[in-house]
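Asks: So the chains spell out like this:
2 protein chains.
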Amino acid sequence: MSFRVASVPASGEDSLIARYFKPIATDPGAFALDDDAAVLKAQGADIVVTTDAIVEGVHFMPDDPPDTVARKALRVNLSDLAAKGAAPAGFVLTLALRAVEDAWLKPFAAALGEDAKSYACPLLGGDTVSTPGPLTVSVTALGRAPADKMIHRSGARPGDRVVVTGSIGDAALGLDILKGGAIAKALAGDAAARQMLVGRYRVPQPRNALASAIRAHASAAMDVSDGLAGDLTKLCAASGVSAAIHTPGIPLSRPAAALRASGAVSMETLITGGDDYEILCAIPEASYEAFAQDARKAGVAITPIGAVIAGNAMPSFLDAQGRELALKRRSWSHF
Amino acid sequence: MSFRVASVPASGEDSLIARYFKPIATDPGAFALDDDAAVLKAQGADIVVTTDAIVEGVHFMPDDPPDTVARKALRVNLSDLAAKGAAPAGFVLTLALRAVEDAWLKPFAAALGEDAKSYACPLLGGDTVSTPGPLTVSVTALGRAPADKMIHRSGARPGDRVVVTGSIGDAALGLDILKGGAIAKALAGDAAARQMLVGRYRVPQPRNALASAIRAHASAAMDVSDGLAGDLTKLCAASGVSAAIHTPGIPLSRPAAALRASGAVSMETLITGGDDYEILCAIPEASYEAFAQDARKAGVAITPIGAVIAGNAMPSFLDAQGRELALKRRSWSHF
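Respectively, the protein sequence lines represent chains A and B. Counting in the numbering used here, the first sequence runs from -6 upward without gaps. Counting in the numbering used here, the second sequence runs from -6 upward without gaps.
Simulated from the structure, these hints should not be mistaken for lab results. Even for Gly, the Cβ is constructed at its ideal location relative to N, Cα and C. It cannot be assumed that every hint is accurate.
[Claimed, not checked] Distance condition first, Cα-Cα at most 25 Å in a straight line; then the derived DSS-like pairs of lysine-lysine:
| hint | chain 1 | residue 1 | chain 2 | residue 2 |
| --- | --- | --- | --- | --- |
| 1 | A | Lys142 | B | Lys15 |
| 2 | B | Lys34 | A | Lys34 |
| 3 | B | Lys142 | A | Lys34 |
| 4 | B | Lys142 | A | Lys15 |
| 5 | A | Lys142 | B | Lys34 |
[Stated by the list, open to error] Pairwise CB distance ranges (calculated):
| hint | chain 1 | residue 1 | chain 2 | residue 2 | range |
| --- | --- | --- | --- | --- | --- |
| 6 | A | Ala140 | B | Lys110 | 22 to 32 Å |
| 7 | A | Ala25 | B | Arg91 | 34 to 44 Å |
| 8 | A | Gly37 | B | Ala294 | 36 to 46 Å |
| 9 | B | Ala140 | A | Ala25 | 12 to 22 Å |
Same shape as in the complex, but just chain A (with noise of 0.2 Å):
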């Protein structure tokens, strides 16, 4: 790793990682930054890894805050975790950077800080690099589950039921809307849901919370980021199963759903755009209530939007009258 701090002759990059990323290195695992390598200790638990980058101009827009970057890039990563059943551990931080900007790092740290801090999720070590290209923030999570309990995409089976976490949609329209786009002039007057579905899109929420149900209940999840059709094609495509979803069912924030009844927004669009962060899971239907329990208690709303079924066909969308959604596409793809 290159987060060292020397007392002495300190280079630009270790002033750098001095300044910004060592007071909230306090976990004591990660030695100050002051060394080459952090200790993670596993408690006895499987270690479960994750890492997910961000880059400028794909996943956050260039004039995004650089706090809501840094939640953006931890909070991603936490998300996996969650989905998994994992307990966050910490994490490692990679920063290409165009060049040292005290008035972006310093909030940047600051709240990547915070996060860390309210995930339970410790900095233990990164690497800064200087790039010509656009600022990416690659972070690799680390968590821990009980032995051989981590939850898999694979385990969905016929007749459990599909349950998703919060509301489903959002960042894309946020996204329309930074972009300038047709959302941003239906809600031209309405300042509030244009602030809220952007800091969708900003800053996800991931469902830490929920992680021990999911382990205790769940027989397959992961979590939505690439959007809800393509993920649940993959989910099914894993377990070797096919689902069908009722379309009218699928939970929406106040401002998407008075889009979808202007016809201002399509489903397709809802279930296809990206960056959700929110869970998708297969809950055996014994285990439902137990679950939905669970979840009030974690204070994670949760909406079961249709069934596991048999087969290895898409799974497919319906409408209220039980029409299958003919979907263009079903998910975001980089290349």
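Given chain A's structure and the hints, the job is docking chain B onto it.
Replies: Okay, now just chain B, sitting in the frame of chain A:
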């Protein structure tokens, strides 16, 4: 993670992963890259975590062969694990790519798979993102060390010997050759020497075979990545000590020694250039013979180059007449 493979509607990213990286992700904890996270078994050990990214144009040249880029990306991290006395356990990879080119990705993945196998450090997962900027390869490597036995930078004590592995300065000469600098001209008639030095820049030889000897005997250790002078300065600062180095005793490869003898390169260049990826360590006098014996068994060349001394002065680098070299800079920094 987005190292995901679905057997149906594979997006571009999914098929990229399936084609290139699934074949090399053979560790059971990688779940064949079919899931959102991997599992690492701690096996009662501490998990040692390190992360280093390499950027095109900064850490490797745009026309470096893809297999060498893969090896360098992994090996700079393996080198950190070796210096900390940890055994490799697995790694995750983030690739920021401008485009998907078979001619580049195929040899990249093949070489990565070979190194993962030969260093027993399996690919556990990763993320691919598109970028308009330079190709960036970010690796987080995880290792295992017995509880509380990771070797730090901070344990060196006066009287310890200062020891380095391999040879110092070759990579800086190799980089100069790739840039068509003075060394390229000095070695215009010696293709073998040019090739050897370029190889040292492109493909580090991490000293993982020495990890258990480091753990058994070293009071402090780190890898030399930013130049011996600067890295020793950091180790001394972390340990609250100083050091005196007998520079004629610093191990040089045959081409580096010849260039030094002819005056084509200065000692300063050799000890302040980056990318050596050798281990620098402090060994208590009483342990030195046992350490040397273990190193011989491991097949890793080690050379004592000086002594740790009391005080907080920056380490001094002395010539054959005992005069101190005046170093203009001690190490490489990105900013």
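Asks: Does each hint hold? Answer for all of them.
Replies: The hints, checked one at a time:
1. A:Lys142 <-> B:Lys15: holds (23 Å)
2. B:Lys34 <-> A:Lys34: holds (12 Å)
3. B:Lys142 <-> A:Lys34: holds (12 Å)
4. B:Lys142 <-> A:Lys15: Distance ~23 Å between B:Lys142 and A:Lys15 Cα, so the pair holds.
5. A:Lys142 <-> B:Lys34: Within the cut-off at roughly 12 Å; holds.
6. A:Ala140 <-> B:Lys110: 22 to 32 Å: Since the Cβ atoms of A:Ala140 and B:Lys110 sit about 26 Å apart, the hinted range of 22 to 32 Å holds.
7. A:Ala25 <-> B:Arg91: 34 to 44 Å: holds (37 Å)
8. A:Gly37 <-> B:Ala294: 36 to 46 Å: holds (40 Å)
9. B:Ala140 <-> A:Ala25: 12 to 22 Å: holds (20 Å)
Going through the hint list in order, the structure satisfies each hint without exception.
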